[in-house]
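Asker: Once you have looked at the hints, place chain B on chain A.
2 protein chains.
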Amino acid sequence: MIDRRNHHLFQPLLYQVATAGLNPSNIARPIRGILAKQSNARVLLAEVVKVDPDARQVSLDDGAELPYDYLVLATGASHAYFGHDEWEAHAPGLKTIEDALEVRRRVLLAFERAERAADPDDSAGDLTFVVVGGGPTGVETAGAIAEIAFKTFTRQFRAIDPNQAKVILLEGADRILGTYPESLSLKAARQLRDLGVDLRLGVTVTNVDADGVETSTGAIRAGTVIWAAGNRASPLAAMTGGQTDRAGRVIVAADLSVSGHPDVFAIGDVAHATVDGHDVPGVAQGAIQGGAHVAKAIRADLAGAPRPTFRYRNKGELATIGRSSAVGTIGPFRLSGWIAWMAWWSIHIVFLIDFRSKLSVLLNWAWNYLTFQRSARLITGPWRPRS
Amino acid sequence: MIDRRNHHLFQPLLYQVATAGLNPSNIARPIRGILAKQSNARVLLAEVVKVDPDARQVSLDDGAELPYDYLVLATGASHAYFGHDEWEAHAPGLKTIEDALEVRRRVLLAFERAERAADPDDSAGDLTFVVVGGGPTGVETAGAIAEIAFKTFTRQFRAIDPNQAKVILLEGADRILGTYPESLSLKAARQLRDLGVDLRLGVTVTNVDADGVETSTGAIRAGTVIWAAGNRASPLAAMTGGQTDRAGRVIVAADLSVSGHPDVFAIGDVAHATVDGHDVPGVAQGAIQGGAHVAKAIRADLAGAPRPTFRYRNKGELATIGRSSAVGTIGPFRLSGWIAWMAWWSIHIVFLIDFRSKLSVLLNWAWNYLTFQRSARLITGPWRPRS
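Sequence lines, in order, name chains A and B. The opening residue of the first sequence carries number 148 in my numbering; numbering runs sequentially from there. The opening residue of the second sequence carries number 148 in my numbering; numbering runs sequentially from there.
Pulled out of the complex, with its shape left as it was, chain A reads as follows (with noise of 0.2 angstroms):
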């Protein structure tokens, strides 16, 4: 197992960090921890920079190299600018423990350069957060940064009054959750507008620098910029000799192997797969199911079998919009409010790895929900509040 991070992230909550609302270390946990028990694993702390699937062998960032018999890729995908790299600087996407950290110095260093400021005029953009991106993570953020504002906030500053703050989330689409019902897309936008979020359909982003975006619609000034709205795949992909999709995926044939390097795999965000005709998406359970069908496809070799096939089965999926508050689908059933946030934050539990992240993880919910306070709500990074 090679990691260029020592810990394994639970993506999902990941956004919770950005807002303050859970710590780190309670969705990352030390991979070499989670395999030590698992006596013929060795886990190595090292960036992979090269796949050779001719000569079956990766890179490391040191110059070593290392030969393999099966080489399973998952090395999931980061955000992407639509080619704009220079907006990264203004406007961070959130896919690290340090991309959270970031975001999260960010959120809040905006009210307290408000509260210092001595002009209050000068101090309006700092108390507008835009998100760029109506998915799950951009929902997600919105609604949290909304409560923040609106909530946690409340009594906390004497010079500005922070319910005064503009929440405003940007999609290009015509509506949120694209991917999941129509119906639930119109109950999550009237979730987050009933929260205070200021929610714009149809509007696309055409620059970000220091002083805010520029739309479609026009310019917005703001003093915190959230991406969320484009990915793109690790560029290992792109060295396993099959071929990548726009989103620099691989494309992977019906066992998850890449075109012509059977002993070659690759799952999660940085794999196209496709199953009876429909993508499966780059989230969670995809990763998990396409890890245990490449444990089953290598045993099958090994035995001398034929491998089984990939079957995605889509077990649902929710976004939370804040407190009491989600929208999704489980199996044939579609839910909202607050029986979708009770479903939401159960199976967010089950699937942290190990009791002590879902013990510490349900602590903090608990706390946050029954204090409407936040767990940590840290700056920290270099000294620079003026940034």
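I should point out that these hints are in silico values taken from the structure, not numbers from a laboratory. Do not rely on the hints blindly, as some may be mistaken.
[Claimed, not checked] In silico lysine to aspartate or glutamate, EDC-like type, Cα no more than 20 angstroms apart, as pairs: (1) A:Lys184 to B:Glu329; (2) B:Lys184 to A:Asp216; (3) B:Lys298 to B:Asp345; (4) B:Lys462 to B:Glu329; (5) A:Lys462 to A:Asp410; (6) B:Lys184 to A:Asp402; (7) A:Lys443 to A:Asp402; (8) A:Lys197 to A:Asp150; (9) A:Lys443 to A:Asp216; (10) A:Lys184 to B:Asp209; (11) B:Lys242 to B:Glu259; (12) B:Lys313 to B:Asp358.
Answerer: Showing chain B alone in chain A's frame:
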């Protein structure tokens, strides 16, 4: 309340963040939240860069000037390198959350580097940890690193044996914990050595660089060096108009005010106070008692009454060495071993600032104690495994 951090930090437990036992948010709470209900208190996130005791105002980093009727300076100290600031890059100290995360990163990365090294001889230095300074922070840090190496990491590596790690604690004097009774210093030394720490007394450091440390008794090749040896008071101490001592602390009168400026008080690490011929130590209880005294002095002024004289009551001191192991005094009693360890954690829990911190620290400790694991074993920060 002006602070360049948004959080109050419970410094006595910072070494536990550095050694992966606690999360930053367990021991750091937002100042704004702590003072939310005190409606006559305003919290500003800002750095004070100048104190002008004659004009009775302070200047902030952005040039703003704030006038005051009373100034209470409690800006603490940072680590100092005896005039060798260039050592800091190779031997971080432990004063802020960022310091602690950097130390955690270095300690955990050292084992990962050793596991990766192709040639075991290359990794000899990686698994050597040097802690400079045998005060409470140095003792507690060395003990915690020994526990990680010799207990937490059992069975988690394949190429290296974490039991081969060397944890070396250097102290220039002839005993550790110099402010404690000598019998307790001896007991602490024995407990540290039982834990596997290589304690070297009477050894001074003459140089620190990327290869390790040079000392009065020879060079030590070490991948990780941690500095717990010297403090220097905040530079604001020198701007109060009072005299400063060798550590840069401002010398205060019997009422904790600065000579010639009865409207300027200094408390905690930034002040040098003397009570009945004894210096008030730069520990938490000195700062806490100082703060309460200053409040009384200001109330006395407002009532037209004479200010009380500061009385420091030393309630005792405790340092933990490891699992079920500590030394210290409480009033007239000298404690060591299990009973001191029980007292140590109970007292630290009592002084944590709110119920949430108390609960989360207790739960983390219980978990770590029962499983021999560490709650927050994350390597975060920029990707640079070879540094």
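Asker: Taking the hints in turn, state whether each one holds.
Answerer: Hint check results:
no., hint, verdict
1, A:Lys184 to B:Glu329, "44 angstroms, violated"
2, B:Lys184 to A:Asp216, "63 angstroms, violated"
3, B:Lys298 to B:Asp345, "16 angstroms, holds"
4, B:Lys462 to B:Glu329, "18 angstroms, holds"
5, A:Lys462 to A:Asp410, "29 angstroms, violated"
6, B:Lys184 to A:Asp402, "60 angstroms, violated"
7, A:Lys443 to A:Asp402, "10 angstroms, holds"
8, A:Lys197 to A:Asp150, "14 angstroms, holds"
9, A:Lys443 to A:Asp216, "15 angstroms, holds"
10, A:Lys184 to B:Asp209, "54 angstroms, violated"
11, B:Lys242 to B:Glu259, "25 angstroms, violated"
12, B:Lys313 to B:Asp358, "15 angstroms, holds"
The earlier numbered hints that this structure contradicts are 1, 2, 5, 6, 10, 11.
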